[in-house]
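*Asks:* Given these sequences and hints, build the entire structure.
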Amino acid sequence: MDVILVGLNHKTAPVRLRECLAFGADDAGRAVAALSSTPPLSEALLLSTCNRVEVTAVTEDPAAGLAAVKEFLAREKNLALSDFDHALYAHAGDDAVRHLFRVAASLDSMVVGEPQILGQIKESYRLAAREKASGVILNRLFHRSFSVAKRVRKETGIGDRAVSVSYAAVELAKKIFGDLAGNRALLIGAGEMAELAVEHLLRNRISGVTVANRTLARAMALADRFGGEAVRFDEIADALSRSDVIISSTGAPGLVLEKSQVKAVMRARKNRPLFFIDIAVPRDIDPEINRLDNCYVYDMDDLATVVERNRDERMKEAHRAGRIVDEGVLRFREWLSGLDVVPTIKALRDKLEAIRVAEMKRTMPGLAHLSEADLAALDRMTQTMMNKALHDPIQFLKQEGGHRGTRKREALNETRQMFNLDGNGENGE
Amino acid sequence: MDWLLKLSFLGYLAGSAGFAAYFATNRQAVFRAGQGLFGAGAALHTAFVLWAWAGAGYPPVNGLKETLFFAAWAMALAFELVDLRYGLRVLGVVAGPAVIALMAAGFLVPGTAPADPQLLGGVWMLTHVMSLFFGYAALFLAAGAGALYLLQERSIKRKSHGFFFRRLPSLDNLDRMNHGCLAVGFTLLTLGLITGAVYAQAVWVRWWSWDPKEVWSAITWLTYAALLHERLAVGWRGRRAAVLSILGLVLILFTFLGVNLLLEGHHGPFTRI
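Note that the protein sequences, when read in sequence, are chains A and B. Per our numbering, the very first residue in the first sequence carries number 3; after that it's consecutive. Per our numbering, the very first residue in the second sequence carries number 64; after that it's consecutive.
Keep in mind that the hints were calculated from the coordinates and are not lab data. As the structure is a prediction and not an experimental result, all values here were calculated from the model. Among the hints, a few may not be true.
[Claimed, not checked] Below, a list of computed lysine-lysine pairs in the BS3-like style, where the Cα atoms sit at most 27 Å apart:
(1) A:K400 with A:K390
(2) A:K348 with A:K363
(3) B:K220 with A:K176
(4) A:K261 with A:K176
(5) A:K79 with A:K134
(6) B:K222 with A:K318
(7) A:K176 with B:K69
(8) B:K69 with A:K261
(9) A:K134 with A:K400
(10) B:K69 with A:K265
(11) A:K72 with A:K134
(12) B:K69 with A:K272
(13) A:K124 with A:K152
(14) A:K363 with A:K353
(15) B:K222 with A:K272
(16) A:K265 with A:K176
(17) A:K176 with A:K13
(18) A:K318 with B:K69
(19) B:K128 with A:K265
(20) A:K353 with A:K318
(21) A:K318 with A:K13
(22) B:K220 with B:K128
(23) A:K261 with B:K222
*Replies:* Here it is, written out as structure tokens:
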């Protein structure tokens, strides 16, 4: 039996196709239950997000299993397989496991390192578990994927750096002002990115927002939205003395703030720092202001450079994360290959034999008065005891092992857990 | 009891290695290990100082060797206090090496015969010595925070978000710590100078004798007074405050060591090699 994975994502399929194959929250439960009872599949899980649709399943016959999943998708979505087959990737065995671990660790995301994907996978897993579509193998596989993702997040800097302009601006503001509580923002003009930056600042506990706009009505509407105050455009200099982070995004052809204006304000501010984020093109803020003490000016290009560099860093971290994923794949493979009748019986025998030998060794020194022959008889006696004790469990495993599918794996898994055959820490799931 | 001193030196070394490793790797656990080891070193050193103090009846600041050890102890304690107050972890990479350098210098410098206990006894002398050593340590940490501020400001102004940008705390945090250490350090410095004058009046029957140490101390005090005044009145913060607190440290180093080693004066006996 093996793990297989079929799916498409933002790299292989355009959004037009992805939305055709996406499953809503209502469909997903029914679909995953149906999938898991589609032969030759014995377990299944369906992950559907805006960037990917993926089916992970367990089957005795990978080739037939992959075909079954593809047919299922076509049937379910009323599409001809030929319409979307080219966008599908199909993995079996270690490749499927590796792909899943990479997705969970956010290495396959559109924005590498974004944290939402893990929550989405957990949600899909919960659904599959509720529908009893996942069994011994997928339970193990997905719990492993959660711990791999956790390790990647903890041991690499994959999620550390801001990779959007507005986040980068907030990160910078924090490096200047520390905790943003007690600082105020001033938004000059309007625009999607500028408003996003203000929202991020508010979420990071900035204490208030002032909005300045050429049209006062617009300013008041924005101020309303952010719970701040509106000022007229010619009151900007005054607002500067009360603000700390200035986000400027006007369509003005020339400069909105000049060096001399800011220099005058600095005296009144007792040199408390000012951070200018100039998102406008052409620029609103005189770049010379950056030369003033305690003034920092970042324009669109500066922020884009920061984001670019952070993306590169994330890629480097993703490379390191690849090693953690490989380790996870290896460990899962070891567990899976142990989950069969012969290795389980062998592991069971080895475990009891080890106990027997260890106990014999401990007892021998106290039995110095016994002859060679007596000791040999004692040794034989313990062997026989062990074999007799093992006879029924082994018969049970062989019988159950004759079944195919879930019942067999459950019996094997329970035996392995009961006798702790996978070593400590491997059974907590 | 020399072993106690050596053991604390080992604690400082291991702790500082931990701080450096934390700076390189950014891992919390590494910092905590360093913090524990450094703290253990400081605790052992405190035990040593108390033991020496109890034995002699006056603080162990007799001769350059003891003075260096004492300064290292003051620095280590000051760092522990600042760490408690501000939780500024990166400061370990500044304070740790300073403590180690002072300790190492202490081990290298030969010891001296005990001075006249009459000279070192008394409450004025005690206050003079304690407030100056802890004042110097605080002002050193102010300069350290200033230096880190300059590094961080540079990376923000130049938009080169490299090694230091990620590891150093915010400008606001560094500036506040610079301010706090300056205020405490200046207060102690003032107290130290006043008690020194009172002591001089008691021993030499003169408040002020234009001794080189006195003159340089006055210059140092004026520099810090100017800096603190500008900070409070005009709002000198950030870069200028950082630069001036580093300049102040240079003056302290000269007053503390340079004057004793290069110029003559009545502090000679206490820092004699």
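*Asks:* Work down the list of hints and note, for each, if the structure agrees.
*Replies:* The hints, checked one at a time:
| no. | hint | result |
| --- | --- | --- |
| 1 | A:K400 with A:K390 | holds, 16 Å |
| 2 | A:K348 with A:K363 | holds, 22 Å |
| 3 | B:K220 with A:K176 | holds, 14 Å |
| 4 | A:K261 with A:K176 | holds, 24 Å |
| 5 | A:K79 with A:K134 | holds, 23 Å |
| 6 | B:K222 with A:K318 | holds, 21 Å |
| 7 | A:K176 with B:K69 | violated, 42 Å |
| 8 | B:K69 with A:K261 | violated, 57 Å |
| 9 | A:K134 with A:K400 | holds, 26 Å |
| 10 | B:K69 with A:K265 | violated, 55 Å |
| 11 | A:K72 with A:K134 | holds, 21 Å |
| 12 | B:K69 with A:K272 | violated, 48 Å |
| 13 | A:K124 with A:K152 | holds, 13 Å |
| 14 | A:K363 with A:K353 | holds, 16 Å |
| 15 | B:K222 with A:K272 | holds, 25 Å |
| 16 | A:K265 with A:K176 | holds, 23 Å |
| 17 | A:K176 with A:K13 | violated, 34 Å |
| 18 | A:K318 with B:K69 | violated, 43 Å |
| 19 | B:K128 with A:K265 | violated, 51 Å |
| 20 | A:K353 with A:K318 | violated, 43 Å |
| 21 | A:K318 with A:K13 | holds, 20 Å |
| 22 | B:K220 with B:K128 | violated, 43 Å |
| 23 | A:K261 with B:K222 | holds, 19 Å |
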